[in-house]
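Number of protein chains: 2
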Amino acid sequence: MAILHHYPLAASSRLIRLQCGEYKLELDLVTQLPWLRDEKLLALNPAGELPVFEDETYGVISGARVISEWLEDIVEDNFLMPEKAGERAEVRRLIDWFEGKFTLEVTRPLLRERVIKRFQSGEAASSQILRAGLANAQIHLGYVDWLAGQYSWLAGPDISLADLSAAAHISVLDYFGDIDWRRYPEAKLWYMKLKSRPSFRPLLSDILVGMPPASHYSNLDF
Amino acid sequence: MAILHHYPLAASSRLIRLQCGEYKLELDLVTQLPWLRDEKLLALNPAGELPVFEDETYGVISGARVISEWLEDIVEDNFLMPEKAGERAEVRRLIDWFEGKFTLEVTRPLLRERVIKRFQSGEAASSQILRAGLANAQIHLGYVDWLAGQYSWLAGPDISLADLSAAAHISVLDYFGDIDWRRYPEAKLWYMKLKSRPSFRPLLSDILVGMPPASHYSNLDF
Numbered sequence: 001m002a003i004l005h006h007y008p009l010a011a012s013s014r015l016i017r018l019q020c021g022e023y024k025l026e027l028d029l030v031t032q033l034p035w036l037r038d039e040k041l042l043a044l045n046p047a048g049e050l051p052v053f054e055d056e057t058y059g060v061i062s063g064a065r066v067i068s069e070w071l072e073d074i075v076e077d078n079f080l081m082p083e084k085a086g087e088r089a090e091v092r093r094l095i096d097w098f099e100g101k102f103t104l105e106v107t108r109p110l111l112r113e114r115v116i117k118r119f120q121s122g123e124a125a126s127s128q129i130l131r132a133g134l135a136n137a138q139i140h141l142g143y144v145d146w147l148a149g150q151y152s153w154l155a156g157p158d159i160s161l162a163d164l165s166a167a168a169h170i171s172v173l174d175y176f177g178d179i180d181w182r183r184y185p186e187a188k189l190w191y192m193k194l195k196s197r198p199s200f201r202p203l204l205s206d207i208l209v210g211m212p213p214a215s216h217y218s219n220l221d222f
Numbered sequence: 001m002a003i004l005h006h007y008p009l010a011a012s013s014r015l016i017r018l019q020c021g022e023y024k025l026e027l028d029l030v031t032q033l034p035w036l037r038d039e040k041l042l043a044l045n046p047a048g049e050l051p052v053f054e055d056e057t058y059g060v061i062s063g064a065r066v067i068s069e070w071l072e073d074i075v076e077d078n079f080l081m082p083e084k085a086g087e088r089a090e091v092r093r094l095i096d097w098f099e100g101k102f103t104l105e106v107t108r109p110l111l112r113e114r115v116i117k118r119f120q121s122g123e124a125a126s127s128q129i130l131r132a133g134l135a136n137a138q139i140h141l142g143y144v145d146w147l148a149g150q151y152s153w154l155a156g157p158d159i160s161l162a163d164l165s166a167a168a169h170i171s172v173l174d175y176f177g178d179i180d181w182r183r184y185p186e187a188k189l190w191y192m193k194l195k196s197r198p199s200f201r202p203l204l205s206d207i208l209v210g211m212p213p214a215s216h217y218s219n220l221d222f
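Residue numbers (the numbering used here), protein chains in the order written: chain L, 1 to 222; chain P, 1 to 222.
Just to be clear, a hint being listed does not mean it is correct.
Claimed, not checked - Listed below are the simulated BS3-like cross-link pairs for lysine-lysine, each with C-alpha atoms no more than 25 Å apart in a straight line: (1) 101/L - 101/P; (2) 40/P - 101/L; (3) 40/L - 101/P; (4) 117/P - 101/P; (5) 117/L - 24/P; (6) 24/L - 84/P; (7) 195/L - 24/L; (8) 101/L - 117/L; (9) 117/L - 40/L; (10) 84/L - 84/P; (11) 101/L - 188/P; (12) 101/L - 195/L; (13) 101/P - 188/P; (14) 117/P - 40/P; (15) 84/L - 24/P.
In short, the hints are calculated from the structure, not lab data.
All chains should be built: construct the whole structure from the sequences, respecting the hints.
Below, the structure written as structure tokens:
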């Protein structure tokens, strides 16, 4: 069975778990703590970043964007990347948005302040950074709400990697109860559809010891 | 003719100029100053980032990784992305390295300190940030030197997008004379090969007003 080196609350890792779930590829999940320098992980991926996919047949593939494109290349009957070049570009633009902009402005600073600092050094979170990250999140959620109101899915009429990438990031915010869903009705409908897919179930049972999720986190009706 | 909104010393913009050069796609270059908020650019790309490709037939495609993948999708006789899934993953891993890690640790802080601060506010560069960026660059160049010593090109026996991405970033450092090439003999041979390709020529004649390039920047024998 393929191994995925991941961290449960890392959005990039969640993207690959969701994609493998959609394609019914079973994964042996190995948790890595992103604040520790792990020599074995560095030997697999010199960039030292998660997720890392390790498979006897295919070798080692590192990085969410690289693994997700690679899975689309190898999975027969794949359906998460459209056929047409222009539509593929729109899916990739949104993945770029979440893996790039959203990560830098929201997911990474929030995870760092709340989780990494606490486990790494016990240092308190900076309320200024938390406030900035949450303010950024509102702007991004407004954009997701707008996109979700245009089509059935974020990049068009069909579900794509863009939805999985966005949902992976948003699910981490939702774990911490950061989202006032009443403000984003279209995004809420979109997220409900995703949450009720079998691929999402394993993510909804993730529990960080000492940091339980918000009460509605695993509810399909929230 | 297609338009590329770019900034001459932005490595991500250079990647697309190189790729279009390899495929002999002519571009009408429109310079955008990355430190100004340009409403027209934001209308084209809500992420507000360069490069942005604009074409009458194809519409608007934004972001270096998205444009480069899209060009590979539409160009017949493309040769910058290998056929096999595993080899494609290696090319994408290296693009991820340069567009992600190298950008955050080297290209972005150095450009910000040297160019953006100067033109935006006239503020002096922080010598501490410059030192850190240059120290990071040494580590990355050591890795490029090692990769270049393994095969003819960074991702294998054939030239690929990985070479263009790496060269785009490294060419910006070289503009400022930041690289002691004697320390990286394999990387130097690799960079000489790239520099002598016709696609590279336009980059070698870029000159920033008030900030001329290092004396060897445009020499093919350096």
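Discussion item. Name the hints, by number, that the structure is in violation of.
Written reply: 5, 11
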